[in-house]
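When you get a sec, could you build the whole thing from the sequences and use the hints?
Protein sequence lines, in the order shown, are assigned to chains A and B.
Numbered by the numbering used here, the letters in the first sequence go through residues 1 to 254 in order.
Numbered by the numbering used here, the letters in the second sequence go through residues 255 to 508 in order.
Hint data in this document are derived by calculation from the structure and do not stem from the laboratory.
Just to be clear, a hint being listed does not mean it is correct.
[Stated by the list, open to error] Sample of chain B residues facing chain A (criterion: CB under 7 Å; computed from the structure):
#1 GLU355
#2 ARG392
#3 ARG485
#4 THR498
#5 GLN501
#6 GLN508
In this text, a Cβ means the ideal position worked out from N, Cα and C, and glycines have one as well.
Protein chains: 2
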Amino acid sequence: MSTDPRLFIDAPLSAGAAIPLAREDAHYLINVMRRGEGDAVRVFNGRDGEWTAQIAHASRKGAGLTVGEQTRPQQSVPDLWLLFAPIRRTKTELIIEKATELGVAVMAPVVTERTQSDRIKVERLQAIIKEAAEQTERLDRPELRDSEKLGALLDNWPEDRALIFCDESGDETDAAWGGARGRGQPMASALASVGDRPAAILIGPEGGFSPAERDRLRRLDCVIPVTLGPRILRAETAAIAALTIWQSTCGDWQ
Amino acid sequence: MSTDPRLFIDAPLSAGAAIPLAREDAHYLINVMRRGEGDAVRVFNGRDGEWTAQIAHASRKGAGLTVGEQTRPQQSVPDLWLLFAPIRRTKTELIIEKATELGVAVMAPVVTERTQSDRIKVERLQAIIKEAAEQTERLDRPELRDSEKLGALLDNWPEDRALIFCDESGDETDAAWGGARGRGQPMASALASVGDRPAAILIGPEGGFSPAERDRLRRLDCVIPVTLGPRILRAETAAIAALTIWQSTCGDWQ
Numbered sequence: 001m002s003t004d005p006r007l008f009i010d011a012p013l014s015a016g017a018a019i020p021l022a023r024e025d026a027h028y029l030i031n032v033m034r035r036g037e038g039d040a041v042r043v044f045n046g047r048d049g050e051w052t053a054q055i056a057h058a059s060r061k062g063a064g065l066t067v068g069e070q071t072r073p074q075q076s077v078p079d080l081w082l083l084f085a086p087i088r089r090t091k092t093e094l095i096i097e098k099a100t101e102l103g104v105a106v107m108a109p110v111v112t113e114r115t116q117s118d119r120i121k122v123e124r125l126q127a128i129i130k131e132a133a134e135q136t137e138r139l140d141r142p143e144l145r146d147s148e149k150l151g152a153l154l155d156n157w158p159e160d161r162a163l164i165f166c167d168e169s170g171d172e173t174d175a176a177w178g179g180a181r182g183r184g185q186p187m188a189s190a191l192a193s194v195g196d197r198p199a200a201i202l203i204g205p206e207g208g209f210s211p212a213e214r215d216r217l218r219r220l221d222c223v224i225p226v227t228l229g230p231r232i233l234r235a236e237t238a239a240i241a242a243l244t245i246w247q248s249t250c251g252d253w254q
Numbered sequence: 255m256s257t258d259p260r261l262f263i264d265a266p267l268s269a270g271a272a273i274p275l276a277r278e279d280a281h282y283l284i285n286v287m288r289r290g291e292g293d294a295v296r297v298f299n300g301r302d303g304e305w306t307a308q309i310a311h312a313s314r315k316g317a318g319l320t321v322g323e324q325t326r327p328q329q330s331v332p333d334l335w336l337l338f339a340p341i342r343r344t345k346t347e348l349i350i351e352k353a354t355e356l357g358v359a360v361m362a363p364v365v366t367e368r369t370q371s372d373r374i375k376v377e378r379l380q381a382i383i384k385e386a387a388e389q390t391e392r393l394d395r396p397e398l399r400d401s402e403k404l405g406a407l408l409d410n411w412p413e414d415r416a417l418i419f420c421d422e423s424g425d426e427t428d429a430a431w432g433g434a435r436g437r438g439q440p441m442a443s444a445l446a447s448v449g450d451r452p453a454a455i456l457i458g459p460e461g462g463f464s465p466a467e468r469d470r471l472r473r474l475d476c477v478i479p480v481t482l483g484p485r486i487l488r489a490e491t492a493a494i495a496a497l498t499i500w501q502s503t504c505g506d507w508q
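In structure tokens, the structure reads:
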């Protein structure tokens, strides 16, 4: 595999195209990676596959590339969403970075009753997504949606999409729910019923979901309650583990 | 589940035992968690299960607990090791924390040819392990072994332990190896041959393993080369994903 620097570029890619570089990309190539005129890079834009390119010019005024040839045709990640209650800034950033590496298609912050923080710094998260997509050899960036309240999200839920409900903390409503829809099944076996339906993984805040939220979730036909082992996982660990199991069972790691 | 603070204590636990608290534990209980005399906590020591306890006294001179009754008998995590090439400090700390949450039994830094950093701050890593074990509701702490060179580790490898070799980067030696022992199988299906043998997961440094290391690893009967999907994962992401798949397939998440 080529070790040439890899850049997401927001412009059409075709043989011979001249691409001016954004200031941050020029800084990364010239100052961080120490590349100069004539050096090779790889570029992708989420639509046209991956291409070779060459640094055509680089100066204090800016830098630009000339596109060479296509090295890979465009390919999508599986149709998997990650819905997560925003937590502390560094943890939210970790979720965003790792979900991008693990090949998620869509991410959306979800505001639940016990969500501690709903401040999302979109610009910073987009920079993390871009860098992770570049490093992980994806051919696209995942979409980061605006945050939404859990209730509104469920009101408009697309019925054909399985909602994998990672229910880490048991609580007082458990007694009312027995059997498979109660505490949740181990995720890997629960996914057997999902097949290749589109899916979304829902991860709660550190304090878990409220009894009312858990009750509503478990009444929905599209919801599959799952557990992630006998220990208690932090929210960001649960997100990474759930994405891994889905990719490994239903996704493109098979 | 109780939300009383949970502490790992390095002392025998039995009903009525008086336990003096280490300075950091006293600080955590009194100043961080705002608890005082008479308040309930939970304690475990990796040998005697989990017990309730009460803060018997708390002052500037120190604090102590009185042990109440056992709430859970001692239980071990599955016999899984994680061998990882140390990387940047924050990434190594992330691996240690997440591996503790994901129920690993033993962790050991392994120095490979391309390992960039072999400085391990043992005291800081032990503090991270203790806190993660307390939060994740484990009944033990994973063992953190001294770092060792990959060659010496393989010289003394226990033959009955499967060595799951996470081989992220293809390189020039690939052509010499075809079929199942070549590029590696998807991890979940490769684990079918492991069954309930003891196992270790081996994660390389950011630059991957050298051709000589990869060649030696693939010649060993205990080695199972695996892949973690079509994207390139950072070392810490590969560690978390591999632990998750093992627990979900062979471990205690089933």
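Taking the hints in turn, this is what the structure says about them:
{"no.": "1", "hint": "GLU355", "in the structure": "holds, 5 Å"}
{"no.": "2", "hint": "ARG392", "in the structure": "holds, 6 Å"}
{"no.": "3", "hint": "ARG485", "in the structure": "holds, 5 Å"}
{"no.": "4", "hint": "THR498", "in the structure": "holds, 4 Å"}
{"no.": "5", "hint": "GLN501", "in the structure": "holds, 6 Å"}
{"no.": "6", "hint": "GLN508", "in the structure": "holds, 6 Å"}
In this structure, every one of the numbered hints holds.
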